[in-house]
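S.K.: What follows is the residue order along each chain.
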Amino acid sequence: MSEVRVLVGTRKGAFVLTSDGTRERWDVSGPHFGGWEIYHLKGSPADPSRLYASQSTSWFGQLLQRSDDGGTTWKPVGNQFQYDGVPGTHLWYDGTPRPWEFKRVWHLEPSLTDPDTVYAGVEDAALFRSVDGGQEWQELPGLRGHESSPSWQPGAGGMCLHTIVQDPSEPGRIFVAISAAGVFRSDDAGKTWRPVNRGLRSEGIPDPDAEVGHCVHRIAMHRSRPGVLFMQKHWDVMRSDDAGESWHEVSGNLPTDFGFTIDVHAHEPDTVYVVPIKSDSEHYPPDGKLRVYRSRTGGNEWEALTNGLPQSDCYVNVLRDAMAVDSLDSCGVYFGTTGGQVYGSADAGDSWTPIVRDLPAVLSVEVQTLP
Amino acid sequence: MIRVVLPAHLRTLAHVDGQVELDLDGQATQRSVLDALEARYPMLRGTIRDQVTHQRRAFVRFFACAEDLSHESPDAPLPDAVATGAEPLLIVGAMAGG
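Line by line, the protein sequences give chains A and B.
For the first sequence, our numbering gives the first residue as 5, with consecutive numbering after it.
For the second sequence, our numbering gives the first residue as 12, with consecutive numbering after it.
Hints listed in this document are in silico derivations from the structure and should not be mistaken for laboratory results.
Owing to the predicted nature of the structure, the values given are computational and were not obtained by experimental measurement.
You can take every hint at face value.
Partial chain B-side listing against chain A, Cβ under 7 Å, derived:
1. H20
2. M54
3. G57
4. T58
5. Q62
6. R68
7. F70
8. G104
By construction, the Cβ of each residue, glycine as well, lies at the ideal position given by its N, Cα and C atoms.
Same shape as in the complex, but just chain A (with noise of 0.2 Å):
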């Protein structure tokens, strides 16, 4: 029978949820790494006993931990991230100019074919590369030397570059977004990149419609048609049926266009979830209910989620890497908290159940349906 392994990264350590294909019985293992902040851990396509983890403080700095044995044990592997070159400078958040320095790793993305081959997206933004299972880290240096790096600005989390996301049908094309530069892509490789942000607007800088300085939270894909991307941006939430050469929104219906995560069905390329958060500056959901909001028409037409999730004085929020789906039929959907919880549906989110209640504040949440 599969199994299903919930890898969740928290404030004060990472946790490893399994349970059989039923999805009703959970073993939780951890914390692994007490203590210390799991902003992200990931496997590999390629490997499933293959983990890689972002092990961080502000004390000690940043650690990477990769397991062999599908998050059982667990080895550091190599921590220096240089910055290629001389770094330059950025914007801080008064405009003026702020060299580049690093402070943590955000995401780890596993290459789709090559167990030992890992993207790290950054803070302050930049990607970087190991080609030998995390033991040396390289900068590929095009996207921060794109001309429009000085002009870059954090977003309220930092200048962090959170999401990474393979193109399965193009080998070299990769789409990465920064906070708050928005949504770049590479088609060979990672040597070149250049902005997808046309069609997003943002009333919170000088130029709505610029073309770098968009606050996008997430992007997501289906893998059976990559050139159809959704993304949850600051506010807003929207669609690119060209590989992000054009954004159009998607919001719809919703309560309100603010949120972190967003995801797409393992099966259906037009069923997508998000989390509505009710504004920026108020970082819960609107009404004190937690409600997932699943599209099956691919945006623009959204229904509220609610069976098992809590209706009344909910004020936890659920950031951007904190949600994820399993290949099982039909679909698992996962997401976590910053109260602790990591809720799952395993019909597609018509229905939940608290896998765990009590964890720390949930900063990821990651899915492998397992053979």
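Once you've looked at the hints, dock chain B against the given chain A.
M.R.: Quick look at chain B alone, frame taken from chain A:
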């Protein structure tokens, strides 16, 4: 022989219990102690000082003999009591919440 006390998280990371004992070839300084410490425990590289600049991380402090040595030169001799092993060098994570 130099004795070094690591903060709890770094003891866990390095898989050590209690104090670390290091033998140095030359003079005992912050730099020589940290070089020896990182040589024996490579997983500590980058956690106490930057791997390139060797600048002490902002939330890490060095105490010994009831003194704060954090702002001493990395190449300044450590107190005799530390150099002889009578007193440990304390590597401390700042009490800064969290």
